[in-house]
Amino acid sequence: MARKDILPLADEKVLNTKMYIKLYSQFFKTSFSRLLIFRKNFLIYNLSSIIWISYYIFSIEIIFRHVDSIAGWSRGEALLIVATLFLIDGLRHLFLRDNLRYLPDQITEGNLDLILTKPVDSQFWLSLRWLNFNSLNIFVIGGLLWAYAWRLTSLNLTAVNFLIYLLLCLCGLVIIYSAWMILTTFSFWFLRIDNVTNLFTNVIDISRYPMSIFKGVLRVLVFTLIPLAVITNFPVQALIGKLNVMNLIYGLFLMAVFFVSARLFWLFAVKRYSSASS
Amino acid sequence: MTFLQKYWKIYKIYVSKTIVYRVRALIWVLNDSLVVFIMPLIWLAAFGDKENIAGFSKPELVTYYLILGLVMIFVTPHPEEKMNEQIKDGKVSIWLIRPFSYFKDFFFGDFAFGINRLLFFSPLCIIVFFLYRNYFVFPDFFMPILMILAGIIIFFTFFCLSFSIGAMAFWFDNAHSVHTIYWFAIMLFSGELAPLEFLPKFLQNIAVVLPFKYFYYFPVKMYLGHLTFTQIIQGFLILIFWSAASFFIYKTVWHFGTKRYSAVGG
Numbered sequence: 001m002a003r004k005d006i007l008p009l010a011d012e013k014v015l016n017t018k019m020y021i022k023l024y025s026q027f028f029k030t031s032f033s034r035l036l037i038f039r040k041n042f043l044i045y046n047l048s049s050i051i052w053i054s055y056y057i058f059s060i061e062i063i064f065r066h067v068d069s070i071a072g073w074s075r076g077e078a079l080l081i082v083a084t085l086f087l088i089d090g091l092r093h094l095f096l097r098d099n100l101r102y103l104p105d106q107i108t109e110g111n112l113d114l115i116l117t118k119p120v121d122s123q124f125w126l127s128l129r130w131l132n133f134n135s136l137n138i139f140v141i142g143g144l145l146w147a148y149a150w151r152l153t154s155l156n157l158t159a160v161n162f163l164i165y166l167l168l169c170l171c172g173l174v175i176i177y178s179a180w181m182i183l184t185t186f187s188f189w190f191l192r193i194d195n196v197t198n199l200f201t202n203v204i205d206i207s208r209y210p211m212s213i214f215k216g217v218l219r220v221l222v223f224t225l226i227p228l229a230v231i232t233n234f235p236v237q238a239l240i241g242k243l244n245v246m247n248l249i250y251g252l253f254l255m256a257v258f259f260v261s262a263r264l265f266w267l268f269a270v271k272r273y274s275s276a277s278s
Numbered sequence: 001m002t003f004l005q006k007y008w009k010i011y012k013i014y015v016s017k018t019i020v021y022r023v024r025a026l027i028w029v030l031n032d033s034l035v036v037f038i039m040p041l042i043w044l045a046a047f048g049d050k051e052n053i054a055g056f057s058k059p060e061l062v063t064y065y066l067i068l069g070l071v072m073i074f075v076t077p078h079p080e081e082k083m084n085e086q087i088k089d090g091k092v093s094i095w096l097i098r099p100f101s102y103f104k105d106f107f108f109g110d111f112a113f114g115i116n117r118l119l120f121f122s123p124l125c126i127i128v129f130f131l132y133r134n135y136f137v138f139p140d141f142f143m144p145i146l147m148i149l150a151g152i153i154i155f156f157t158f159f160c161l162s163f164s165i166g167a168m169a170f171w172f173d174n175a176h177s178v179h180t181i182y183w184f185a186i187m188l189f190s191g192e193l194a195p196l197e198f199l200p201k202f203l204q205n206i207a208v209v210l211p212f213k214y215f216y217y218f219p220v221k222m223y224l225g226h227l228t229f230t231q232i233i234q235g236f237l238i239l240i241f242w243s244a245a246s247f248f249i250y251k252t253v254w255h256f257g258t259k260r261y262s263a264v265g266g
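Taken in order, these protein sequences are the chains called A and B.
One point on numbering: in our numbering, the residue at position 276 of the first sequence is 276, and numbering is uninterrupted.
One point on numbering: in our numbering, the residue at position 86 of the second sequence is 86, and numbering is uninterrupted.
Derived by calculation from the structure, the hints in this document are not laboratory data.
Incorrect hints may have been included.
[Said to hold, decoys possible] Derived pair list, reagent style DSS-like, types lysine-lysine, alpha-carbon separation capped at 30 Å:
| no. | chain 1 | residue 1 | chain 2 | residue 2 |
| --- | --- | --- | --- | --- |
| 1 | B | Lys50 | A | Lys242 |
| 2 | A | Lys29 | A | Lys118 |
| 3 | A | Lys215 | B | Lys58 |
| 4 | A | Lys242 | A | Lys215 |
| 5 | A | Lys215 | B | Lys88 |
Quick caveat: nothing in here was measured; it's all calculated off a predicted structure.
Construct the entire structure; sequences and hints are all you get.
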């Protein structure tokens, strides 16, 4: 059989959006059946994540046992930040975790060659191949916390605010993905940085606090290079109606900067890798 | 080779390994101590106009976390993950027939790690302490000696316990959840999240019967001068009790673990 019959030509343009969508739905199906097969892992995973979720909620509650507000944020608002982090983290676990977590190992062990020869975009494949449905409980608990925290603020929810909130949550997810991708791409040069994921997660988890606790240089940092404020604080500010348009635009702009940087860095790394090993 | 020569060689190998993987070591320590250096900022923001929360003034609470970070850097061992891997992969078999004890190898390795981390991070600690200088509380003059003494006993105790947790791999396929529970208990009951006075009463009661309180909370409170002489003596005695208990736990777990391991044909 001629190669032409099995696969469209290795011309990248042929792999259009429709095919990517089809490919992704295949990822979805195989990941879902994996969930059904590895049921025991599901329970263990749930136990671990419930413990972590309790810890984050507790780390906020322990402060509010003694004071009424942290840097201008009330208890309800602070808990909304935590719930937002759960939402974004849940999405991260669902779409990205299984892929990016093991990517450094794949890079250092040289397993990439097979994927790089495919006509599919390598970043697409390596970032989205597996979905992790074990993470659904994070959404459930996050949702419950969200509802509870919202009641505490006793504000009115407008549709516009909510939509902007969702948009900024997605924006936060993209920023996290891009930063993670950039860190992972460093595996092409540095061996054994697998615990970088741990550090990365720890840093992201700091965004469960109101970022106005930072002053000076750190404050600049959490709005730019390590945009924790943009990831969780911005969405909640939009939700409670305290976000101005400039910040919204800035958030989206930052997302674009991060995403493009990650993409360019990845392409650069792959190019060097391919030329070195061939 | 004499005893000393044997273990000095292992110590040197681990030191060089650490230097080679300095980035990895840096990441590990940042992992452990990151939140701790951020907590003072959170509490400072929370204090607002208040002078005192649960018996801590602003400087005391800030210093609590700074010294906590320092203690954590030195005394926190990490054998569980590597052990888990090695046991699952069967690599531990080699160790069971070598003249070096598996335990002692990990112990000296981790101890070397601890000292290296401390040396490596002194500059960083000095910078962080300097940034918080307005809030820093200085200790009594005899504190450093007491802290070092406590630190050594704590490291030993902590290590025995973590080693036992690592040995859980002999029983559990996926010991990861056991590790998670272990570290969660430590975070909660060791004073890492907040001084134990800040916890609800029922959690404080649980903390009393666990060893974790003495890993971080005890030395830091001692540093701050919050403990009376009697309490310090009591603390050391309980710490010594826990070091014996955890050594016993390690021996038991290891004995049954290796037995089970060989029975399964390792």
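The hints, checked one at a time:
Among the hinted pairs, Lys50/B with Lys242/A is consistent with the structure: their alpha-carbon atoms are about 26 Å apart, no more than 30 Å. Taken as a hint, the Lys29/A and Lys118/A pair is honoured in the structure, with Cα atoms around 21 Å apart against an allowance of 30 Å. Taking the CA atoms of Lys215/A and Lys58/B, the gap is near 17 Å; set against the 30 Å cutoff, the hint holds. For the suggested pair Lys242/A and Lys215/A, the alpha carbons sit about 20 Å apart, so the restraint of at most 30 Å is met.
Straight-line distance between C-alpha atoms of Lys215/A and Lys88/B comes to about 47 Å, which puts the hinted pair past the 30 Å bound.
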